[in-house]
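Student: Dock chain one against chain two, each of which comes alone in its own frame, and use the hints as you go.
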Amino acid sequence: MAEYSAWQVLKNAWRGNTGWKPAWRKPDPKPDYDVVIIGGGGHGLSTAYYLAKNHGIANVAVCEKGWLGSGNIGRNTTIVRSNYLLQGNTPFYEHSMKLWENLSHELNFNVMFSQRGIINLCHTPAQMDDTARRGNAMRLMGVDARMLTPEELGRRMPGLDLSPNARFPILGGLEQPRAGTARHDAVAWGYARAADRRGVDLLENCEVIGFLRDGDRIAGVRTTRGEIRAKKVAVCVAGSTGAVMKLAGIDRLPIESHVLQAFVSESLKPLLDTVVTFGAGHLYISQSDKGGLVFGGDIDGYNTYAQRGNLPIVEDVMAEAVTLFPAAAKVRLLRSWGGIMDMSMDGSPIIATGPLPGMYLNCGWCYGGFKATPASGWCFAHTIAKDEPHPLNEAYSLDRFHRGYVIDEKGQGATPWKH
Amino acid sequence: MRITCPHCGPRDLVEFSYHGDATLTRPDSASTDQDVWNAYVYDRANPAGEHREFWQHSGGCRKHLVVTRNTLTHAISGVDFAPGKRTGRKRS
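In order, the protein sequences belong to chains Y and S. Take the first sequence: its position 205, counting from 1, is numbered 205 in the numbering used here, and each next residue is one higher. Take the second sequence: its position 48, counting from 1, is numbered 48 in the numbering used here, and each next residue is one higher.
Please note: incorrect hints may appear among the correct ones.
Okay, the calculated beta carbon distance ranges per label pair [unchecked claim]:
#1 S:Gln34 x Y:Ala327: 51 to 59 Å
#2 Y:Gly226 x S:Lys63: 46 to 54 Å
#3 S:Pro27 x Y:Pro125: 40 to 48 Å
Interface residues of chain S toward chain Y, partial, derived using beta-carbon atoms under 7 Å [to be verified]:
#4 Met1
#5 Thr4
#6 Leu13
#7 Val14
#8 Asp43
#9 Ala45
#10 His51
Just so you know, the hints here were simulated from the structure itself, not pulled from any lab data. Glycine included, every Cβ here is placed at the ideal spot set by N, Cα and C.
Extracted from the complex, chain S is given alone in its bound form (with noise of 0.2 Å):
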């Protein structure tokens, strides 16, 4: 399996670590609902086809990755940077 890397190219899969579900949104931090985090902690739809998950070109350019996959096929359909999560602070 190769993956290509937006930033650096196609990359053999020994550069890249996983890093799981792209779809599950993380609640808020202040959210005190147990559920949600329960669902968003240990529930997957495990899909037989399209995943949108993470990688990390680790052994790369570090950049963290939404790949889509076919999980029957291992065939790749996109491969997008990760959006980045604003965090209200300026940069100097």
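Here chain Y stands alone, though its shape is the one from the complex (with noise of 0.2 Å):
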């Protein structure tokens, strides 16, 4: 962080800003690499970036089809947790949110991570009783969690409905105080910045349009800026894996691409200091830094590639922040915006090796993929490096529809519409 220091800024003010360096070079493509890594969002940054540190490979290029975060790690609502119930998925998340609490260090790059607590709301008794086995569990698993009262929710969040007339009256809540937000696009910064000087190539505008092949084995990639032939080529695209593997010829995947909207209101002073969900639908929301208020609800269940949503959606989610917050009805709302999600059988993610000789896979992350993009990056460059999972997602295998080993954490079987 010293590089943008309050003492820089003023050097460079008085200097007419004309001493800032770019955070990154725009090198062109050599003609083969040690590893490439499809898709320059988080996840494929983050791979880049413990590629090299963790594991010393870094004759790396990371092929972006835009600019680099150009995707859903730009997209995202910002929530960070590690509040849930699966053995295979605690564990994992919980390594992502200790990446988290040093990312800011690690990458000399202020990602904004703010730990203030997320709270689940809770709106019957069997849902306080099935949300204080998850809290149990988690602290099994050692990460924190407690039960919170309406009392201390109230204190908590003086604009919270907690009145007993409210159409899903609130019970109490789940609060797991580690939890937080980031800024999304300084996460991909900070990577992009910290791979590039690691010697990572970063190339930008360079759509893969096909995969070179040496018998069975996957050994580079075509691209709009030419063929870059890899030992290694690490598949990371979210809502785009599908496109992306019929490239290679694997045209059935346990996934669905469905769309996510998100929503931003007009600044306002603060209301919210944490960030909260409503049990009695799906809606999650807080306050930025600048004032909005973020928030998001279920995707819009039907598959699309489109990067919009309908009105259906946005009705529902305004209707749940009103329920929870009254006092929002009068906000105005400044922007909203979809991003394609990579919906799994399971609802749960794949880290793994294959599906072909030469390749690995990173997807299947349904809208939880922000807060997992240090611990995605710091398992695939493992499962890259050492051609075999790391225990942390050894459960995340592509095959374990077919053994029966599926990871379901909503409990709602193979409808990705549904989770």
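Tutor: Structure representation (structure tokens):
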């Protein structure tokens, strides 16, 4: 952070801001690399960084179709948490949380990680029991969790409608105090700069249009900037997983692409200093440092690759926001947008070797990929470097569906539009 | 997005519920071939383009529909009633 210190800002302002340097190089593609990563989003960039840092593999290229961080890393609602129930998930997300806690120092880039807590609200006695069970499971696995009473919720969130006459009265909530938010773009930029400084080539405007083969083995990629050969090719393209894998001849995966919309309101004075989720529907809301309410809900619920959604979900999300915070009814919406989610069949991700020799796959993040950015890259780098998964991502195999080892946090079954 | 129900005419998206990929063929119930069942339950083509999918007009006539829709543009090029399955039972 020293590079962007108050002193540097003053010094550069004095010199007419002519002293700033680009944060990363813009290299031309080399003819071959040890590893080519397809996808210059959060997960691709963190994978490149940890390949270089943890495994000493710096002869790496990241191929990005647009500009770095132009996909879901800049479209999420910035929530970081590790409040999961199941064994396959909790240790992975808790590892991610620990990486988040040191990320600004690690990258020397302020990712504005703010551990303001997340509170999941409960509206029925059964939901209270179920949530307490999850809280207990978290504590057994070394994650922080505590139940809050309505009185505590009222002190924490004065704007919250706690009246017993509410349509879904609030009976309590589960808090993970170490959860929070981070500045999503800064995460991409921080990883990009740190990877670049370790020698990784970040190739923007470099769309992968095909794969090079050496017999059965994937031996590189054809891109809009020419052919690039690689010993290992890692696919890390979130909502475009189906489209990119088709280029390699894989035409069926346990993935569907769906759109998730997100919203930000005009700036307000401080209203909410935590992240809160509505338990009788699907809404997650926080307030950014700039003052806007940042919130979202369900995916639209039909297959799509269009980065825009439809109005029924907009209405649904607004109604839920106003149910929780009646004062928000007067707030005007500033912007809404959509991102394409790679919804897996059990709601959990895939970080695995294969499915072809020389290929590695990272996908299926549903709409929980942002919080996983550090651990996803950390584990994917291990999987690529060692040709086998780390114990933390062993459960995230691609063949778990056919073997019957699904990790279905929600107990929803193979209906990706409902996860 | 509006879907033109062959029974009710053009109606808003909010009246319909989604039931996924309509190109999958359910294996014979007597089949014990695990690969066939796994492929049916878990594997999807997930195309970027034309997609045949089931919708139900749950807020209207409750008919099940097969909609052909482009997943890049949301443009709908066809809506039909979902083919009913013959049960072999006589109707009284």
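Student: If a hint holds in the structure, say so; if it doesn't, say that too.
Tutor: We went through each hint and held it up to the structure:
no., hint, result
1, S:Gln34 x Y:Ala327: 51 to 59 Å, "holds, 55 Å"
2, Y:Gly226 x S:Lys63: 46 to 54 Å, "holds, 52 Å"
3, S:Pro27 x Y:Pro125: 40 to 48 Å, "holds, 41 Å"
4, Met1, "holds, 5 Å"
5, Thr4, "violated, 16 Å"
6, Leu13, "holds, 5 Å"
7, Val14, "holds, 4 Å"
8, Asp43, "holds, 4 Å"
9, Ala45, "holds, 6 Å"
10, His51, "holds, 5 Å"
When the structure is compared with the earlier hints, a violation turns up for hint 5 alone.
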